[in-house]
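Here the protein sequences come in this chain order: A and B.
Quick note on numbering: the first sequence equals residues 0 to 122 in numbering that gives the first Met the number 0.
Quick note on numbering: the second sequence equals residues 0 to 369 in numbering that gives the first Met the number 0.
Possibly wrong hints are sitting among the right ones.
Derived, one-sided and incomplete: chain A residues facing chain B with beta-carbon distance under 8 angstroms [unchecked claim]:
#, residue
1, 31
2, 37
3, 57
4, 60
5, 63
6, 111
7, 112
Heads up, simulated SDA-like pairs for lysine to any residue below, C-alpha to C-alpha not over 20 angstroms straight-line [as the list claims (entries may be wrong)]:
#, chain 1, residue 1, chain 2, residue 2
8, B, 368, B, 216
9, A, 96, A, 28
10, B, 260, B, 242
11, B, 216, B, 179
12, B, 139, B, 117
13, B, 353, B, 333
14, A, 119, B, 15
15, B, 131, B, 121
16, B, 353, A, 34
17, A, 119, B, 18
18, B, 342, A, 15
19, B, 361, B, 239
20, B, 342, A, 22
21, A, 96, A, 30
22, A, 119, B, 46
23, B, 353, B, 368
24, B, 260, B, 278
25, B, 46, B, 239
One side of the interface only, derived from the structure: several residues of chain A facing chain B at Cβ under 10 angstroms [claimed, not checked]:
#, residue
26, 22
27, 23
28, 24
29, 28
30, 39
31, 40
32, 45
33, 47
34, 49
35, 67
36, 71
37, 72
38, 75
39, 78
40, 83
Bear in mind the hints are in silico, worked out from the structure with no lab data behind them.
Even for Gly, the Cβ is constructed at its ideal location relative to N, Cα and C.
Letter by letter, the chains look like this.
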Amino acid sequence: MKYYSEDHEWVEIEGDEATVGLSEYAANELGDITFVELPSEDEDLIIGDTIGVVESVKAASDIYCPISGTVAAINDELEDEPELINESPEEKGWICKLKNIDISEVDDMMTPDAYAKYLKTLI
Amino acid sequence: MNEPTCRNTPLYEQHCELGARMAPFANWNMPIQYSSGIIAEHTHTRKAVSLFDICHMGEFEVQGTNAATALDLIFARPVKDQPVGVCRYNFLLNTDGRVMDDLIVYRLADDKFFIVVNAGTRDTDAAQISSKLPDDIQFKDVSDTTAKLDLQGPLSADILQLLGLPIKQLPTYFHWGQVNIADVPVLLSRTGYTGELGFELYFNANKAAYMWKQLLKFSQVNPAGLGARDTLRLEMGYALYGHELSLEHTPLEAGYGMMLKLDRESQRDFIGKTALLRETRHLKLIGIRLDGRRAAREGAAVLSNGTIIGRVTSGAFGPSVGSAIAMAYVDVKSCPQPEDEVKLEAGRVILTGKVSSLPFYKNGSVRNKL
């Protein structure tokens, strides 16, 4: 299942791992992404921690951890191809995978439908 | 998001139809980018041709028998010796020698000038210039009735030829000509802010939508916004008012000393000259090419051997350079030389880079002969 935060990160739960990325809305809003700072593998993260930075031509924005856990993998393709976040934000542009997650934390996040409704309130 | 206090250019509806992202700039709602994005617009300008709505900028007309002599005293670079047909980059200084604006003076006739100024300084420029002109010289702010479109890129001359302008009617670099484009009278100059072969078109504001459409009907021409305009000018090391030039800086610090031909012996006087001659230069504007893609933004500290030597004035990823680039004012005593290593503070991290000669991008078509 996929869940979204109010800060426009997404979390996809598969077994006991979570993949984290930026939503398509966030990628569009940021514009052309030119640089991504990724977390370190094995880093322990708590919900709300800064896990990285995305820079577009015009601005830099922090990425917040939507769910607590330990970094199991990072998408190091983003170092050379940060534009993957623009081209495929919710698939090839994933940011990191987390293990040791607390699945109950997603209860406070939005389902895809709820997120779509939330986006409408932002316009 | 539209700021209610901001003005719209005559092309506001066209921008919305093209899916532009609008944002306030100098109290105007301006297109920052269209749907293809800043990098695509930047790259297209470097290899083909882009159209920019620059209607926010200000235009003044100054006319009178002694206009040249009067303007010569108001601007830092000479006006009196400027031939008809020439555009000259110039500075409006205050008595402290600080930059009120950078602008371009067009000599339309012996007794007539056209002055193009930044949007954010239009009112203060108008007040300063008109207050310094003798009563018998006419000053008119024609910004509201003048449209300005910039056609920029190596194919820009081809487009003008497709619109029926013979190549010999196209002005040479920093010259202007009066032409007709799609039956509209246009003041056309070979000037721009991108580092590419390009033209600026000035014409009646009520023809803005028509001209926009005439130029965009060519498949080679794409619209580009202020985002690409900024990365294009930064790659060329061109100053942007409010960043590299401002009331805090003199043109000497910004590296325009050669242009001013400052000379104690020179008979020519202008507002700010006395202050500039007295001035000991403390700062120097430099270019920095960062080692990575991550940008150091305005205000970031520049460090050399652990000491802060200056601050970034503009910084972004340079799409045609392939790395982040920045301009910065540094202490002249730090004597930065090209290839010297510097560090830059970007929030929590320290970035590395090297002092670079300007422009960062050296393959521009701006001076190409037609």
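Results of checking the hints against the structure:
1. 31: For residue 31(A), the interface hint holds, since the closest Cβ of chain B sits about 4 angstroms away, which is under 8 angstroms.
2. 37: With a closest approach of 12 angstroms, the residue 37(A) hint is violated.
3. 57: holds (6 angstroms)
4. 60: Since chain B brings no Cβ nearer than about 11 angstroms to residue 60(A), farther than 8 angstroms, the hint is violated.
5. 63: violated (15 angstroms)
6. 111: violated (24 angstroms)
7. 112: violated (26 angstroms)
8. 368(B) to 216(B): With Cα atoms ~26 angstroms apart, residue 368(B) and residue 216(B) exceed 20 angstroms; violated.
9. 96(A) to 28(A): violated (24 angstroms)
10. 260(B) to 242(B): violated (24 angstroms)
11. 216(B) to 179(B): With Cα atoms ~17 angstroms apart, residue 216(B) and residue 179(B) stay inside 20 angstroms; holds.
12. 139(B) to 117(B): It holds: about 16 angstroms lies between the C-alpha atoms, which stays within 20 angstroms.
13. 353(B) to 333(B): Judged against 20 angstroms, a Cα distance of about 14 angstroms means the pair holds.
14. 119(A) to 15(B): Roughly 19 angstroms separates the two Cα atoms, so the pair holds.
15. 131(B) to 121(B): holds (15 angstroms)
16. 353(B) to 34(A): holds (19 angstroms)
17. 119(A) to 18(B): Within the cut-off at roughly 18 angstroms; holds.
18. 342(B) to 15(A): Violated, at about 42 angstroms.
19. 361(B) to 239(B): Answer holds: residue 361(B) to residue 239(B) is near 19 angstroms, not above 20 angstroms.
20. 342(B) to 22(A): violated (33 angstroms)
21. 96(A) to 30(A): Violated: residue 96(A) and residue 30(A) sit about 24 angstroms apart, past 20 angstroms.
22. 119(A) to 46(B): Distance ~38 angstroms between residue 119(A) and residue 46(B) Cα, so the pair is violated.
23. 353(B) to 368(B): Measuring from Cα to Cα gives roughly 33 angstroms; hence the hint is violated.
24. 260(B) to 278(B): Between residue 260(B) and residue 278(B) the Cα gap is close to 15 angstroms, so the pair holds against 20 angstroms.
25. 46(B) to 239(B): violated (23 angstroms)
26. 22: violated (17 angstroms)
27. 23: Violated. Min distance 14 angstroms.
28. 24: Because about 13 angstroms separates residue 24(A) from the closest Cβ in chain B, which is outside the 10 angstroms limit, the hint is violated.
29. 28: holds (9 angstroms)
30. 39: Violated, because the Cβ-Cβ distance from residue 39(A) to chain B comes to roughly 14 angstroms (cut-off 10 angstroms).
31. 40: violated (19 angstroms)
32. 45: With Cβ-Cβ at 18 angstroms, over 10 angstroms, it is violated.
33. 47: Nearest chain B Cβ about 16 angstroms off; hint violated.
34. 49: Check passed: Cβ of residue 49(A) comes within 9 angstroms of chain B, closer than 10 angstroms.
35. 67: violated (21 angstroms)
36. 71: violated (24 angstroms)
37. 72: Check failed: Cβ of residue 72(A) comes no nearer than 22 angstroms to chain B, outside 10 angstroms.
38. 75: Violated - the Cβ of residue 75(A) stays beyond 10 angstroms from chain B, reaching only about 14 angstroms at its closest.
39. 78: holds (9 angstroms)
40. 83: Violated, because the Cβ-Cβ distance from residue 83(A) to chain B comes to roughly 14 angstroms (cut-off 10 angstroms).
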